[in-house]
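Once you've looked at the hints, dock chain E against the given chain H.
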Amino acid sequence: MKMTWLKRKRIDVDNMTAAVKDNAVPVIIELDNKSINHNLVDNRLVTLREPTSISAEQFRILCTRISQLRQDSSSYALAVTSSVKAEGKSFTSLNLAISIARDFDDKVLLIEGDLKNPGLYDYLKHPPGFGLTDVLEGKIDLDACAVQMFDGKLSVLFAGRTTGNPSKLLSSFKMQEIITNAREHYKYIIIDTPPIIPMADINIYSTLVDGILLVIQAGKTPRSLVKRAISSLADDKVVGVVLNGVEPIQSKYFYGSGYDSY
Amino acid sequence: MEIQGQKQLLLEDYIEIALRRKWFVIIPFIVSIIGIILALYIVPRSYKSTTMILVEHQKVPESYVNPTVTSDINDRLTTITQQVMSRTRLESIINEFGLYNREKSNISNEELVEMMRGSIEIDIKGGSRGDRTSAFSISYIGSDPETVMHVTNRLASLFIEENLKVREQQAEGTTEFLDSQMQGLKATLETQEAQIKLYKEKYMGELPSQIDATLRTLDRLQLERKIVNDELSSASDRKNMLESQLSESNNKEKTTDKTSDDPQIIRLAELKEELARLSISYTDKYPEIGRLKREISEIQSQIKTRKGTESEATYINPLSKQLMNVNKQVVKLKEEQEKIAKQISVLQGRVERIPERELQMTALMRDYENTSNNYQSLLNKKLDAQLAENLEKRQKGEQFKILDPANLPIKPYKPNPKKIFLMGIAIGVGSGVGLVALLETIDASFRKPDDVYAVIGIPVLASIPRIGGR
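Residue numbers (the working numbering), protein chains in the order written: chain H, 1 to 262; chain E, 1001 to 1470.
The shape of chain H in the complex, shown without the other chains (with noise of 0.2 Å):
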């Protein structure tokens, strides 16, 4: 079975701090088809690990779906959110930037919001250094700083620093200049925010993308609390749902369903 693998260069915090004083070039990770490091990569990168699955396939309907959102050929930034935390948000977006890369191949950038706390690494066994609190602050570049994959066609900004007080900084017009500007570099910015009910963040982040999606994790979030999330959003912002964790035998019958909803 032919698998595309990622295959990283390690590196040190202290070679990149080394590297970012000096105007170094990006970590790329590189991938090829070769081999399979299952210690590597996070088994719920299912859109990399097990491309033919049920999950992978339904990303790509969801690639397919926001792209219809996109107008023409401008760029589309959407932030992933859910009403409270672990329903899925780093795990949708990861899934769905891989997917728009792999299997599209468009340019995606994937930006880590939740400066509090921050998951990415944790799916790409990355280890912390240079993020978004960085950018913010003005010490790095973003594309100093970006995680190169696909050949340049996702580039993931993590979140770097945890910071006590993420609003400031977002609200900060720095924030603002660099979505702006990395829509002339990619067709996609996903942007994974912290979730709806505890951070006040996602208004920021809603003012500064087209679409909202929301993450609700089957059988767990109550109806009660996604309803007051949604309703402390803007109206026409949440564009749709990702239902996560749906059970198997239900996922076999309501595969592909979401079509009648258009």
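Source of the hints: derived by calculation from the structure; they are not laboratory data.
Note that CB positions come from ideal geometry on N, CA and C, so glycine has one too.
Keep in mind that the hints are not guaranteed to be accurate.
[Stated by the list, open to error] Ranges of calculated distance between the beta carbons of each label pair, as one might list FRET restraints:
no.: 1; chain 1: H; residue 1: LEU69; chain 2: E; residue 2: GLY1434; range: 39 to 47 Å
no.: 2; chain 1: E; residue 1: THR1441; chain 2: H; residue 2: GLY138; range: 51 to 59 Å
no.: 3; chain 1: E; residue 1: LEU1435; chain 2: H; residue 2: PHE173; range: 55 to 63 Å
no.: 4; chain 1: E; residue 1: GLY1434; chain 2: H; residue 2: SER74; range: 53 to 61 Å
no.: 5; chain 1: E; residue 1: THR1441; chain 2: H; residue 2: ASP72; range: 41 to 49 Å
no.: 6; chain 1: E; residue 1: ILE1442; chain 2: H; residue 2: SER231; range: 15 to 23 Å
no.: 7; chain 1: H; residue 1: PHE173; chain 2: E; residue 2: GLY1434; range: 55 to 63 Å
no.: 8; chain 1: H; residue 1: ASP103; chain 2: E; residue 2: THR1441; range: 38 to 46 Å
no.: 9; chain 1: E; residue 1: LEU1435; chain 2: H; residue 2: SER74; range: 47 to 55 Å
no.: 10; chain 1: E; residue 1: LEU1435; chain 2: H; residue 2: SER231; range: 25 to 33 Å
no.: 11; chain 1: E; residue 1: THR1441; chain 2: H; residue 2: ARG70; range: 35 to 43 Å
no.: 12; chain 1: H; residue 1: SER231; chain 2: E; residue 2: THR1441; range: 20 to 28 Å
no.: 13; chain 1: E; residue 1: ILE1442; chain 2: H; residue 2: THR162; range: 36 to 44 Å
no.: 14; chain 1: H; residue 1: ARG161; chain 2: E; residue 2: GLY1434; range: 49 to 57 Å
Just chain E now, with coordinates in the frame of chain H:
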């Protein structure tokens, strides 16, 4: 934000729900099983004994003896039930068999009796067909099998006794009532009889029934009168004839005695001549005749006395003697005539009054007959009633017979393991399913893409299966 109505659940959904909520079904089920076992041990056992009583209908056909107890058997059964279930009866049974010893200390007698009543069941059978009850059953439920049997038997015998008593009382009551009615009527009848008797006595001879006899008597009297009249006229004829003969012979004597110049005899002849002349035109009652007769007899006696002295025998004329007899007869006949006339007038008066008496008599008789008829019919009824009473006393009337004596219950009536088991399972499964259904409806989380769209109206773009093991 409901957009779509509740969509139909598919079989798969049910399976999915059942698998997801399996513990909510299993736990209540296990709890109910434990409950069943506990119930079977804890619930006190009670036994039920039943006796079947046959309602035997009258043995003598009703066309011969009409039963006086005609009330519906069902009604009577209710009455008897009330009597048997009375407080005193039940209390005596409770005391006799020592029932409810455990409860006795805690509750009043009233409640004990109420408990006992609750444990007795009367079930009427065959009431629907032709509305004649053919049998009924008595059941008693209690804690000890043997006592239960005895109590049931006692209840059955009480029913039988009570029925007999009720029937006998009713039959006796009927007879007594008829008796009292008859006595009243008898008194009326006697007074009426006395009235009639008094009336008859008072108007003896004027009664319509005596009309024939009276008329016959009247006829006879008239006949008698006629005879008497005839006799009287013939007697008068004879008298006249004799008188004329007598006067002739006197004349002859005068002529023969012409020789005698006795003035007395001459005078006598003159007197007799005068008398004969007068008696032609007058009756004896004429005063002159009386005077003449007296003078004649005076002279005759003088002559006789003289003649007795001077001649050997005085000649007495036989004709005059005959005349005297005839006279006497005439007087007698006239008296008789008068008597008959009087009688006739009395009888005629009676005959005239008969129609009036008849009216009065009819009125009297009518009353009497009415009373008498009533009396007769009452008498018949009373005889019937006595017959029916005898029927009851000899127990040939409708009666209760024990068809099946009370059984000794072996299996407890309560708790019925099968019933409890089924009930427990039903409760267990029901509560499990109910619980799941409740959880499903109140559970707020989304499970399917359709749920999401139905609730928040945002399309689901993708539904990602759960990754196994996470």
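Just to be sure I understand the hint, the distance between the Cβ atoms of H:ASP103 and E:THR1441 should be within 38 to 46 Å; is that true here?
holds, 40 Å
Supplied distance hint 35 to 43 Å, evaluated on CB atoms of E:THR1441 and H:ARG70:
holds, 40 Å
Range hint compliance [Cβ, E:LEU1435 to H:PHE173, 55 to 63 Å]:
For H:PHE173 against E:LEU1435, whose Cβ atoms are near 56 Å apart, the range 55 to 63 Å holds.
Is it true that the C-beta distance of E:THR1441 to H:GLY138 lies inside 51 to 59 Å, as the hint says?
holds, 54 Å
The hint says 41 to 49 Å between E:THR1441 and H:ASP72; measuring C-beta to C-beta, is that right?
holds, 46 Å
May I ask you to test the hint 39 to 47 Å on the CB atoms belonging to H:LEU69 and E:GLY1434?
Holds: the Cβ-Cβ distance is about 45 Å, inside 39 to 47 Å.
Check the following: the C-beta atoms of H:SER231 and E:THR1441 are separated by a distance inside 20 to 28 Å.
At roughly 23 Å between Cβ atoms, E:THR1441 and H:SER231 fall inside 20 to 28 Å, so the hint holds.
Falls inside 49 to 57 Å, the C-beta gap from H:ARG161 to E:GLY1434?
holds, 54 Å
Go ahead and decide if the range 47 to 55 Å is satisfied by the Cβ distance of E:LEU1435 to H:SER74.
holds, 53 Å
Cβ-Cβ distance between E:ILE1442 and H:SER231: within 15 to 23 Å?
With Cβ atoms ~21 Å apart, the hint holds.
Hint says 53 to 61 Å; check whether the CB-CB distance for E:GLY1434 and H:SER74 agrees.
holds, 55 Å
How does the Cβ-Cβ distance of H:PHE173 and E:GLY1434 compare with 55 to 63 Å: does it lie in that range?
holds, 59 Å
Against the hints set out earlier in the document, no violation occurs for any number.
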